[in-house]
Amino acid sequence: MANKQLVDYLLSVRECNESEKTIRSILLNAGWPEEEIDAAYNVVHGLEEPEPRWPIVAAVCVLIILATFAGMQYTITGNVAGTSSEPTITYTMPAQQPRAVRAIEVLEQIERPAVSARELQETSSQKQAEIDASESESDYPELEDCATDTRRGECYMHHALLREDPQICARIRDVQTHAQCVQEVAISTLDKHLCESLSGAAECLSAYAQRTGDLSACSSIANHVQREDCRNH
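With the first letter of the sequence shown counted as 1, position 2 gets the number 1 in numbering that gives the first Met the number 0; the numbers rise by one all the way through.
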């Protein structure tokens with residue numbers, strides 16, 4: 000069943016002449032499942048005589064206008080002693096986002112928490128790694144024992160290092176243990192690029208550089224201070 004709010008949103012942005020490809024991209028990046036988007040579009044495409052949507056469009060426009068004025072910063076300069084000049088108000092307008100992006104942010108604040116692009120990428124990478132690990136389970140039947148082990152994270156990490164297979168790390172639910180598993184496999188296989196999939200990539204790359212002596216790994220650290228610390232250790 001299609002999400003009513005998503006259908007209403009698609010109907011409203013259609014008045015703004017935004018392409019379906021652009022809207023799909025915005026919704027996917029915002030975290031909407033593709034199945035829900037398809038279901039909503041099927042409803043929109045199937046409406047021969049859609050209900051009047053001007054109230055929705057007007058509501059979105061009002062929210063955008065209010066958000067714009069709420070984001071304005073201003074300073075007031077008073078009269079200077081001995082002068083007759085009137086007080087002046089200097090407005091600084093914030094950078095404006097595309098119309099469709101602002102509209103989807105309003106809807107996302109209602110139903111979904113804000114998700115950064117990096118978090119989306121990490122979530123996608125983690126899910127893909129879990130799928131890859133599941134597909135390779137038949138090759139490593141001993142992994143089934145880890146599922147019931149009280150120290151399952153360490154069990155999976157042991158087999159990941161033994162097989163030099165970072166996909167096994169995807170089975171580890173604990174964030175710190177998962178990061179340590181990927182880091183150890185990266186160092187063991189001399190593959191610094193494995194660190195780049197982690198949210199704590201800087202720590203992983205720094206450890207990689209120190210333990211392998213390959214300081215080129217420091218160059219992949221985005222933060223300047225952390226990058227210099229990596230090179231100086």
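FYI, nobody ran anything at the bench for these hints, they're computed from the structure. Fair warning: there could be bad hints in the mix.
Distance windows between CB atoms, simulated [stated by the list, open to error]:
| hint | residue 1 | residue 2 | range |
| --- | --- | --- | --- |
| 1 | Asn231 | Arg162 | 31 to 39 Å |
| 2 | Asn28 | Thr211 | 34 to 42 Å |
| 3 | Ala146 | Ser218 | 32 to 40 Å |
| 4 | Gly45 | Thr188 | 49 to 57 Å |
| 5 | Glu143 | Asp173 | 18 to 26 Å |
| 6 | His192 | His157 | 29 to 37 Å |
| 7 | Glu143 | Thr211 | 17 to 25 Å |
| 8 | Thr147 | Val224 | 42 to 50 Å |
| 9 | Ala146 | Ser187 | 46 to 54 Å |
Cβ coordinates follow ideal geometry from the N, Cα and C atoms, glycine included.
Each hint tested on the structure:
no. : hint                        : verdict
1   : Asn231 - Arg162: 31 to 39 Å : holds (35 Å)
2   : Asn28 - Thr211: 34 to 42 Å  : holds (36 Å)
3   : Ala146 - Ser218: 32 to 40 Å : holds (39 Å)
4   : Gly45 - Thr188: 49 to 57 Å  : holds (52 Å)
5   : Glu143 - Asp173: 18 to 26 Å : holds (19 Å)
6   : His192 - His157: 29 to 37 Å : violated (23 Å)
7   : Glu143 - Thr211: 17 to 25 Å : violated (33 Å)
8   : Thr147 - Val224: 42 to 50 Å : holds (44 Å)
9   : Ala146 - Ser187: 46 to 54 Å : violated (23 Å)
Of the numbered hints listed earlier, those contradicted by the structure are 6, 7 and 9.
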